[in-house]
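Visitor: Residues per chain, in single letters:
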Amino acid sequence: MSEKPTMIQALNRALRDAMAADGSVVVFGEDVGALGGVFRVTDGLTAEFGESRCFDTPLAEAGIVGMAVGMAMNGMRPVVEMQFDAFAYPAFEQIISHVAKIGNRTRGRVRLPMVIRVPYGGGIGGVEHHCDSSEAYYAHTPGLLVVTPATNTDAYGLLRAAIEHPDPVVFLEPKKQYFTKEELDLHPVPPIGQAVVRREGSDATLIAYGPSVPVALAAAEQAAAEGRDLAVVDLRSIVPFDDETVTAAVRRTGRAVVVAEAPGFASVASEIAARVSERCFHHLEAPVRRVTGFDVPYPPPKLERHHLPGVDRILDAVDDLQWEVT
Amino acid sequence: MSEKPTMIQALNRALRDAMAADGSVVVFGEDVGALGGVFRVTDGLTAEFGESRCFDTPLAEAGIVGMAVGMAMNGMRPVVEMQFDAFAYPAFEQIISHVAKIGNRTRGRVRLPMVIRVPYGGGIGGVEHHCDSSEAYYAHTPGLLVVTPATNTDAYGLLRAAIEHPDPVVFLEPKKQYFTKEELDLHPVPPIGQAVVRREGSDATLIAYGPSVPVALAAAEQAAAEGRDLAVVDLRSIVPFDDETVTAAVRRTGRAVVVAEAPGFASVASEIAARVSERCFHHLEAPVRRVTGFDVPYPPPKLERHHLPGVDRILDAVDDLQWEVT
Amino acid sequence: MERLIDETGAVVGHGLPAPEVLLDGYRALVLARRLNEQAGALVRQGRLAVYPSSHGQEACQVAAAAVLEETDWLFPTYRDVAAIAARGVDPLDVLVMLRGEWHCGYDPIATRVAPQATPLATQLPHAVGVGHAARLKGEDTVVMALCGDGATSEGDFHEALNFAAVFAAPVVFLVQNNKYAISVPLSRQSAAESLAAKGVGYGVPGVRVDGNDLAALTVVLTEAVARARRGDGPSLVEADTYRIQAHTNADDPSRYRDDEEVQRWRLRDPLLRLRVHLTSTGALTPELEADFAGAAEEMAAHVRAGMSQDNALDPAELFAHVYSTPTPQLREQAAQLAAELSGGDR
Amino acid sequence: MERLIDETGAVVGHGLPAPEVLLDGYRALVLARRLNEQAGALVRQGRLAVYPSSHGQEACQVAAAAVLEETDWLFPTYRDVAAIAARGVDPLDVLVMLRGEWHCGYDPIATRVAPQATPLATQLPHAVGVGHAARLKGEDTVVMALCGDGATSEGDFHEALNFAAVFAAPVVFLVQNNKYAISVPLSRQSAAESLAAKGVGYGVPGVRVDGNDLAALTVVLTEAVARARRGDGPSLVEADTYRIQAHTNADDPSRYRDDEEVQRWRLRDPLLRLRVHLTSTGALTPELEADFAGAAEEMAAHVRAGMSQDNALDPAELFAHVYSTPTPQLREQAAQLAAELSGGDR
Ligand SMILES: Cc1ncc(C[n+]2csc(CCOP(=O)(O)OP(=O)(O)O)c2C)c(N)n1
Ligand SMILES: Cc1ncc(C[n+]2csc(CCOP(=O)(O)OP(=O)(O)O)c2C)c(N)n1
Ligand SMILES: [Mg+2]
Ligand SMILES: [Mg+2]
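Chains as they are written, first to last, in my numbering: chain A, 1 to 326; chain B, 1 to 326; chain C, 1 to 346; chain D, 1 to 346.
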């Protein structure tokens, strides 16, 4: 590619490379075949690998996930696409009661190497049901790995890692970044479970994942202009959680703000805030602040900018970190 | 009743009184008719009010919840029973995408006065899928009220309040306490959203709800014998959350432990810990501790005692609250 | 398959609805077609974010609305804008969702039209609930529930049909089989002989009807509605039709179907055949045609005019409708946003 | 309805399986019945927490296992302990779940028996996946997927049947229609003529068979398996049978059905009729009867003996199997529990 690839192209490349490397990788879902997915993440896979490796299914998400469970039981590595975040909910029982639990149920005799890809989050001007940040439902469910990239290189690497992983992975793709063009580095495949410090900083730490990482970086940029030096941690993996990286960053700065799009109540952001508050208690100069979506259903396009955590709201939270106390 | 009633009887009484008071209240679900529910919460309702007011449905939870949505749209007040916690998952899409959102979707023109009753939690020696603590899924979803009683009087009062409420309520019944016999006071109907201090104490505050309240009270009892004076707050309502009562209690004691059965990660306990840490930051002598279920699928009966928060584990957490520091 | 007027406009069956009924229907078709066109134009002009056109399916849209009484209910999907408009709801209110202003722009209780359903098939159990509640209240309301061929694969379709049958609920399920679910063809959706055959598994009568023949649709749906109103329970009607345009403007149909197929279906256009028929009987005069076209233009102008008004949206609405009374948490969050907007914060 | 041997033991159809097959089947019935009885006794003694008996449905249990090759798969529900045992899995391993020791006590990969499914109908899409994967791998594996009449109402039943049909997956869906879902009678489950009729809506052949007639079951299921193995796709078989005992020991059937109904079905007992038939043909001798009874007693003794062993359960198992490698979070939690247990804490 002469031009820098989009995240969609990075994901597409990951699928292609995984399918080429391992004949047991199969891709299926709604519109993933001829159409190449409504976002074109599966573009060209049927043409390249044939109908048996990448195919359309009837329109039924529980059926898709349930069939993937069976195929994984029988030696394949299914990668299924849920068309949008809210359209994974029909598969919830399959995901919670089976995908997450069959390994444990069978004392490890049946492992399910499968990936459920979910384009998630807002900021695309989408109508209702197309912009949910649904990570908390998965992250709260023991037995699932929950991964979300924030860069194109991670999108590629983490998807490869997810497909190779022996356990089921819910792979959350920040659709707001789907069309972001970035240099793509194919080589460093980050192991699932490692956060990364995207920006060092000494005054406070912003903790983010997926679609909130670029927002956090922009906020840090702006803060720098205002004389405040913010670190940014990109979780990359929500489950497992990289306590080490997060805790170390917060201890260095003594202050932390968690940024996430999902409604804040009983969310992944709550977890991060609770963990950090507990583990860094004596290092904290101020309470851990959360900048999240409001506790409302995802709003219509014309109001979403008020709902989503933006640079200003993050910087307000940073301002609130009781700087005068120290 | 000459004998003290069980929580099941308190709930049954609430349903009967609500149906007698309001002809638009209808009860339906699996086995709620002739059988009176597998736990007998709906015992006698069909006999008393007829098939049209309390009836069995086909075995399909999405259908049950979806039908309730339609009935609520058309002027009724449906109260539906999900047979066990994990058997509500098939209805997840209906609950998340519709029950929670139709009021908002229609700018309040369509309100759904419906109650989804879910027997939840473990400690009954049940097999897999019968012991999940699923409150986080609901509590994270804006648009739902999430209520859970810990006493028989609250079971009665809160269920009456839930049925009368104009908004949809997920009513979580701690099945471990179903057979607990207690005095039943029919009169004080607590408004949804008010926590209660079950026990005053000056050293630390235990925050609990539903099935963990009796455990927290037992721990406080034991602590008292050991010379520590613990307060116990019973949330009663997870959404809305009673910040006032919780924050006041923690500020008084400067230390807090959150107790809940559900896996701790990204849970209601995380939310409570995060809120309390943020709102009581300068009053806290030690980090807020969480005593929750482990991040594992609900274990088999013979192992559940190791999983569930018990008195010892709560007291260990209290011991950890850095008493020497003060 | 039930058919009364074939694609050449010839009458091929008995029991044609009265000419006035067909004339009213034709007028509604003209308006529906115009609405599809107008909405498409608005999308191209960037004044509407997205529009799922029912071009080619207007006969289904019009018939679904026409056979209902005012007290009946309509349960539409995202593709049924024209059906909702045919029921009498102002198209501007219907388009509020696609303008990105709010999720549902009309009052479902006042109009007896449920919010347009996006999650496929999920509206069908609601329709059963509305119908069952009506029966319990002693009302003879009928519920018309729409869905597509793709939606029949969802579990909720199954559960709704089954509940309706077991409770003999007054619901007419109308499946607009337009042959595609976005890009996925019918053959990947079902191996059954027809979608109407699905009724057998529920004990529900299933009828297949030419979905581009307004006359046949009117007869079949009228009978299904009457059956439901009599208390004889639900029906399943499969309308054989075709989506002429893209799934939405965001879709690229050239990836999954060839133009030849589309051309074949253009010949079966629902307006064309009815116009030929009504003209041949003399019922449709050039004056009436002009009249209908005028009404359609008026409607289109109304839509265009409304679209250029920028409705002010109060950000406080974010919190206002989540519960009937905002929770303390939402009041706090609303206050935070208000402070931000008044510049109280940065 | 397909039937070969009626409740009096009379042969009423053609194509009876060979006597050896029926004799083997009868032996398996005797063991299945004994297993149901033994498990019931263990529950009454408090040595087993709960048991959903298949008493009266043993012919379905036995036939489902008997028609499979070793390389085939069985997808059972909680009520299908006897089917799993008939497939050759040690009953003690099957009962691990009901003893409360772990969720699934046998190795699904080695035995080709899926874990017993509790959430109704959810196993059916898995069965389709196993079958479809086999086809993609070029294997001629067949999958036998079991469910009850109640489970047919769940969305997952619909989605599984439809996927199987669309992909022509080698799956035999066997519905044991035992007339109740706990207390809910069939009439509240479906208004269709039969559950087999549900096949029509998917383009899947549906057959109704006397579920207490092992001979007919064997023939029907053998044909369905052969069809699947040939690559001709799935079948739906409805077995007309009855749950003689309570749903589980926790259930009180007197609340929802009268004893008369149960008595009528007792007369249609699957063992009885096969015994009459095989005795009448001379195939079943008193020696063989004694032999079978002996084998059943041996099995029962084995179960009893195993049940009195208290298997030590390591609490660390809580964390060991959640992921193939425990997460750092689980390692921390495991360490906490280990510390508690070693008295490190209070
Ligand atoms: C539960 C769910 N899954 C996926 C989608 C995404 N989606 C929107 S429309 C569509 C195709 C629907 O096809 P069909 O039911 O035939 O209706 P049509 O669009 O043809 O009118 C899909 C897959 C959705 N809206 N809901
Ligand atoms: C999804 C789900 N909902 C509810 C239950 C609770 N439940 C267990 S068995 C049962 C009845 C099942 O009836 P049927 O499918 O006819 O099987 P049978 O018990 O008669 O063998 C119910 C409702 C469940 N296990 N799963
Ligand atoms: Mg379609
Ligand atoms: Mg049954």
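Hints in this document: simulated from the structure, not taken from any laboratory. A hint or two may mislead.
Unchecked claim - Calculated from the model, a selection of chain B residues having no Cβ within reach of chain A, i.e. all distances over 10 Å: (1) ASP17; (2) ALA20; (3) GLU93; (4) ARG105; (5) GLU128; (6) PRO142; (7) VAL197; (8) LEU284; (9) ARG289; (10) ARG290; (11) ASP319; (12) GLU324.
Claimed, not checked - Here are the computed distance ranges between Cβ atoms for each label pair: (13) SER324/C with VAL196/B: 53 to 63 Å; (14) ILE109/C with SER187/D: 30 to 40 Å; (15) ARG305/A with GLU139/C: 42 to 52 Å; (16) ALA225/A with ARG107/B: 53 to 63 Å; (17) ALA110/C with ALA20/A: 29 to 39 Å; (18) ARG107/B with ASP140/C: 27 to 37 Å; (19) SER254/D with SER324/C: 37 to 47 Å; (20) LEU341/D with ALA225/B: 17 to 27 Å; (21) ASP258/C with GLY50/A: 35 to 45 Å; (22) ALA110/C with ARG257/D: 44 to 54 Å.
Said to hold, decoys possible - Here are some chain B residues pointing at chain D (derived, C-beta under 7 Å): (23) GLY50; (24) GLU51; (25) ALA60.
Just so it is clear, the structure is predicted and the values come from calculations on it, not from any experiment. Positions of the beta carbon are idealized from the N, C-alpha and C atoms, including for glycine.
Visitor: Would you mind marking each hint as holding or not holding in the structure?
Guide: Okay, the hints, checked on the actual structure:
1. ASP17: At about 32 Å from chain A, ASP17/B clears the 10 Å cut-off, so the statement holds.
2. ALA20: holds, 35 Å
3. GLU93: Nearest chain A Cβ is 4 Å from GLU93/B, so the label is violated.
4. ARG105: violated, 7 Å
5. GLU128: Given that some Cβ of chain A is not farther than 10 Å from that of GLU128/B, nearest at about 7 Å, it is violated.
6. PRO142: Non-interface label fails for PRO142/B: nearest chain A Cβ at 5 Å, not farther than 10 Å.
7. VAL197: holds, 22 Å
8. LEU284: violated, 8 Å
9. ARG289: violated, 7 Å
10. ARG290: violated, 7 Å
11. ASP319: holds, 15 Å
12. GLU324: holds, 13 Å
13. SER324/C with VAL196/B: 53 to 63 Å: violated, 24 Å
14. ILE109/C with SER187/D: 30 to 40 Å: About 34 Å separates the Cβ atoms of ILE109/C and SER187/D, which means 30 to 40 Å holds.
15. ARG305/A with GLU139/C: 42 to 52 Å: This hint holds: roughly 44 Å between Cβ atoms.
16. ALA225/A with ARG107/B: 53 to 63 Å: The hinted range 53 to 63 Å is violated for ALA225/A and ARG107/B, with Cβ atoms some 41 Å apart.
17. ALA110/C with ALA20/A: 29 to 39 Å: violated, 58 Å
18. ARG107/B with ASP140/C: 27 to 37 Å: holds, 30 Å
19. SER254/D with SER324/C: 37 to 47 Å: Given range 37 to 47 Å: holds, Cβ gap about 44 Å.
20. LEU341/D with ALA225/B: 17 to 27 Å: holds, 23 Å
21. ASP258/C with GLY50/A: 35 to 45 Å: violated, 21 Å
22. ALA110/C with ARG257/D: 44 to 54 Å: Holds: the Cβ-Cβ distance is about 47 Å, inside 44 to 54 Å.
23. GLY50: It is violated, given that the least Cβ distance between GLY50/B and chain D is near 16 Å, above 7 Å.
24. GLU51: violated, 11 Å
25. ALA60: With a closest approach of 5 Å, the ALA60/B hint holds.
In summary, the structure is inconsistent with hints 3, 4, 5, 6, 8, 9, 10, 13, 16, 17, 21, 23 and 24 from the numbered list given earlier, while agreeing with the others.
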